[in-house]
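What follows is each chain in one-letter form.
4 protein chains.
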Amino acid sequence: MIIIMKAGAQEEEVNHVIQRVQELGFTPHVSRGVERTIIGVIGDERSLARSNFEVLPGVERVVRVLHPFKMASREWKQEDTVVAINGVSIGNGRLIIIAGPCSVESRSQLLETAHAVKEAGAHMLRGGAYKPRTSPYSFQGLGLKGLEILAEARETYGLPVVTEVLSPDLVPLVSEYADMLQIGARNMQNFALLHAVGKVNRPVLLKRGMMSTIQELLMSAEYILSSGNMQVVLCERGIRTFETYTRNTTDVNAIPALKQLTHLPVIGDPSHSTGKWDLVTPVARAMVAAGADGLIVEVHPRPEEALSDGAQSLRPENFARLVREVQALWETLRHIAVEPVTATTS
Amino acid sequence: MIIIMKAGAQEEEVNHVIQRVQELGFTPHVSRGVERTIIGVIGDERSLARSNFEVLPGVERVVRVLHPFKMASREWKQEDTVVAINGVSIGNGRLIIIAGPCSVESRSQLLETAHAVKEAGAHMLRGGAYKPRTSPYSFQGLGLKGLEILAEARETYGLPVVTEVLSPDLVPLVSEYADMLQIGARNMQNFALLHAVGKVNRPVLLKRGMMSTIQELLMSAEYILSSGNMQVVLCERGIRTFETYTRNTTDVNAIPALKQLTHLPVIGDPSHSTGKWDLVTPVARAMVAAGADGLIVEVHPRPEEALSDGAQSLRPENFARLVREVQALWETLRHIAVEPVTATTS
Amino acid sequence: MIIIMKAGAQEEEVNHVIQRVQELGFTPHVSRGVERTIIGVIGDERSLARSNFEVLPGVERVVRVLHPFKMASREWKQEDTVVAINGVSIGNGRLIIIAGPCSVESRSQLLETAHAVKEAGAHMLRGGAYKPRTSPYSFQGLGLKGLEILAEARETYGLPVVTEVLSPDLVPLVSEYADMLQIGARNMQNFALLHAVGKVNRPVLLKRGMMSTIQELLMSAEYILSSGNMQVVLCERGIRTFETYTRNTTDVNAIPALKQLTHLPVIGDPSHSTGKWDLVTPVARAMVAAGADGLIVEVHPRPEEALSDGAQSLRPENFARLVREVQALWETLRHIAVEPVTATTS
Amino acid sequence: MIIIMKAGAQEEEVNHVIQRVQELGFTPHVSRGVERTIIGVIGDERSLARSNFEVLPGVERVVRVLHPFKMASREWKQEDTVVAINGVSIGNGRLIIIAGPCSVESRSQLLETAHAVKEAGAHMLRGGAYKPRTSPYSFQGLGLKGLEILAEARETYGLPVVTEVLSPDLVPLVSEYADMLQIGARNMQNFALLHAVGKVNRPVLLKRGMMSTIQELLMSAEYILSSGNMQVVLCERGIRTFETYTRNTTDVNAIPALKQLTHLPVIGDPSHSTGKWDLVTPVARAMVAAGADGLIVEVHPRPEEALSDGAQSLRPENFARLVREVQALWETLRHIAVEPVTATTS
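Protein chains in written order, with the working numbering: chain A, 1 to 346; chain B, 1 to 346; chain C, 1 to 346; chain D, 1 to 346.
Some clues are possibly wrong.
The list treats identical chains as one, so a pair stands whether inside a single copy or across any two.
Stated by the list, open to error - Result set (DSBU-like, lysine-lysine): computed pairs, CA atoms no more than 35 Å apart in a straight line:
1. Lys199 with Lys6
2. Lys145 with Lys6
3. Lys145 with Lys199
4. Lys70 with Lys118
5. Lys6 with Lys77
6. Lys145 with Lys77
7. Lys145 with Lys118
8. Lys70 with Lys199
9. Lys6 with Lys70
10. Lys276 with Lys118
Hints in this document: simulated from the structure, not taken from any laboratory.
Taking the hints into account, I'd like the entire structure generated from these sequences.
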């Protein structure tokens, strides 16, 4: 941690800060420049609050030196984490595609979709049983019945299932039926829920909040990891910006940035990150080209009848084309052997 | 709902949309312009998903006509709602000030603060027992012990207490100790939690999410209202923007905008909306001048020792000055009789 | 400037950075922590590019210590700057109100408006002769004829005139007619134009760009000041965020933040910062309560006929009410003697 | 244009709006729903201001039906525009790569870079002679001398040159030396400059403003097209969001969105859209995979000595690798025959 004093900070103000650093068990390192005095704080700053120094007289600003996340970082674990979900591995050198409807609407709708996405080359099935909806008047999901339908589809088509869990008390039930638990974007900082999924033996798909920074996403992963569950996959699903032509803005930078910062696998969700079905395929290609380990895509046999997210759902035939295109790009990327660009060769 | 067809949409595409509108039990109203055909949908559109039309061939865009919220709207209830919290009324023509520390850190810290804010003129006490923290390594609150301390402070100083509830299973416990339940910004769209507080007989302080729109805030209020709890106070606490000099950007526009759109009381939180103690007082004045019904302010006897939010906490003497200033502005506003500016006199 | 090395940076990488700092004529100050080595750079960093260090092997991040602006800062000049515009002083302990139409549309429209705002208590007249419009098909202003009409209104009503200048070649002409030159939000980083207005002897009203940070606004002011023109007034006019209910988001935090960072006067533009006439008055009150030195407000005798910005223009009678309300608040603020909140009394 | 009346709008208010529509020469089309009355305005709405209706009593909201841009739209011209720049064609089924330093710093630096990028496979040369810099204390470019060096490099290496023009009066001079004129992000809404480049016979590279919407970018293109210059290439270069880990956020959605909305070619600038050299190559791949017609990339022989943008500049050997990777992806995309996804096959 580095404490930058104001221009003209008094000697006693500097001494007060130094004393405070020492009281907290850290070693101060003072550097007096032409216009500013700077005080370095030697020690593990993660246990220090920046704001406790910011309020001291004469202090202008406090800068952190370390990333606030630890177990999620590449420094803590250099090799890529591979997450295994009932026979499917994410982060293991193969592009994994998860597909299915936004919501489980009925047994026939889900089975029809599962069949179609399996045929088209998907490796896993998605579908919401408990739905977080902005409006209390919108369809809220089939609940337990939806979970049962998902489990049946898994048995029938051999596709591991990921579904969202909305509150801590539902974690045991959803874990019974699903192969992977999804934390939705709106719950990325629902810390009670992060703790709960950190305690179970189920892989977790953690979606980036639409208002969350890359660093906050990694801090939320840290909650799960530090609770004991190391099976976490991160998902870029678009952030909220001033642009309204699309539902969200795909932060494609985040994909290679996350691959540098963390050992956890990273997948992309082009359905939510665009909100428009006719942008899903080109953006899916972009995510794969940027280095994503997989994709999660909304597919519905009849989007015009979908109870949620119809506008961003692909018909099965368009999904099949998406799969062909991204797998072709993935093969090309493997052949041209995309090595990590290391700093020493900048 | 209005469906705008693409330029050059085929006659059969238009007919298909018309047919679909009728199938769903609504009346279509077709208007053929020079460059575009437009189809009005007559009926209560709140039960319709925009996206089910957006995917139909030939459709360019779908526009909602109605606000998606109902019970929270001024149309549903014209007169101001007054929320009563154990003897204190918000929205009743008096400026209400809630103050206290970010976190309950100890019995002595809380009692000292409660005493100070009472002396300075606060009407209610705030303090976090369960804390949502970005980092799993930060102080997470005293939990039940914190609730007990808050209850003791209420008895001693006669200040009703508001404190945050983080998950549905904690709602009964927190309701036992607190006079008002706070839904924090990160949980504004935690729908399971909104349902839970909608079922209890306790007033709710609903904070706007840092990247939530005014409309989404009202939709979250609608969850609580439609679950049966009409005692909701809204809080503007700053939104996330590109500006990094302050922790958040105070959306002061939201205060008069909300007063127009809804009958619910609206208060401001200048501590979170600035993140810097030396901006808190001027921004508190701005919120009151814009028409807020109250304020919630972080106060700590020794901000440099606070376990959370020290940088934005006021010392008691600065808080006392804030109270004097905002009460003086409030008196002036009452004297100049701020009438609502109505559209007919635009 | 502080250079933070990566965890595990090699000794030779550290030495390379040290050597580079010395080559550029600065003194390195090395501090080796538990996890990171940090290199302080002693000297006036304003002439250094952060990026030249960021690309060196082993470097993680580079942090600036100093504000990049100098002449605009409170450190450079502690006392408030007062800007005199043909008899009106901004920043001199009196609330100054500038009002008038968005565009000069005709002689009669401008004279009628000038008369009305003078009656209501305005101190200066605004009106656009050259209009920056998003669409090439919108009204682009009357040009020279508009300037002549503005000059006539000044003579008739004794109101100094501010009007926008759009390009460097128009600076001499506009300076001939106007008392103050406005740099619009879209031109805040039009550096050729900033240079041009920095060379003339006319006060400048510099509006914050809708995409610009507080620091960037001060850097743009620095362009004008360092070109020789010290008569600059800053204007907060709303920034672009994800909220679409209002045209822009009023960054009311920026008003007290700017008053701390700079000696230049700061005014607010509630018309552009809200975009809705019925929010203009409450937000104008908020700006004054936050410490603004003045306001600039759009007024039109018949907003429904305005050639631009009708939705945010006040009718004269509503403007008169705005003036009464903000002057009453200003008087109250003076009586309660708002002293600057200084850091030593945090 | 569609005018939505408030719930409970009076009959006389509705009639007043109808009358106003007729006075302006348009045909009103009234539709009375259960909760709202809606008035369609039949005619070319581009000449109407939304705000003139928004201020009428009883009006809640006004919605545009048509895109405000015309000549830039796919409706106006369905086939792709090909822009020819001194022998190089953009938009003609070949991936075009523009490369070079941020600034022309010296003759030897530019010639060395031009040689390197030519060898690596670039088709055009970029380099700034006039530099828009946030700080007046930063390097402002070599001016005319920079233009002369660029022209020499073109002659030596056969690479057409693109360089930025900062103000209308410089357009003739820069047009004399450069093959293509760049409008920088900060000048995207410098309408005087857009008019000026619209009058010359030189292709224009129009960069999206960092806080401009897709629609505003197209409106700025419309300024150039409607001034008579049809040779415009659009460039996505990242937008400003709350994420600070990267300099900007690459809006990769904008690439396929623009390809749908307009006939103009679209290229990507991964250097500015990331701000970090080690993210440039993966994001360049993403832009190409999303459908970009080309790229513009910053390359410097020694980024640690660059006078601007060092942190985002690639060394020549890394640029060569970028070219190999994006050309391989481009070949793959051609083979899998990416057909436009049309709405009728949604």
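Here is how each hint holds up against the structure:
no., hint, in the structure
1, Lys199 with Lys6, "between (46 Å within a copy, 33 Å between copies)"
2, Lys145 with Lys6, "neither (62 Å within a copy, 40 Å between copies)"
3, Lys145 with Lys199, "both (25 Å within a copy, 24 Å between copies)"
4, Lys70 with Lys118, "neither (38 Å within a copy, 42 Å between copies)"
5, Lys6 with Lys77, "between (38 Å within a copy, 15 Å between copies)"
6, Lys145 with Lys77, "neither (40 Å within a copy, 38 Å between copies)"
7, Lys145 with Lys118, "within (22 Å within a copy, 53 Å between copies)"
8, Lys70 with Lys199, "within (19 Å within a copy, 40 Å between copies)"
9, Lys6 with Lys70, "both (31 Å within a copy, 14 Å between copies)"
10, Lys276 with Lys118, "within (23 Å within a copy, 39 Å between copies)"
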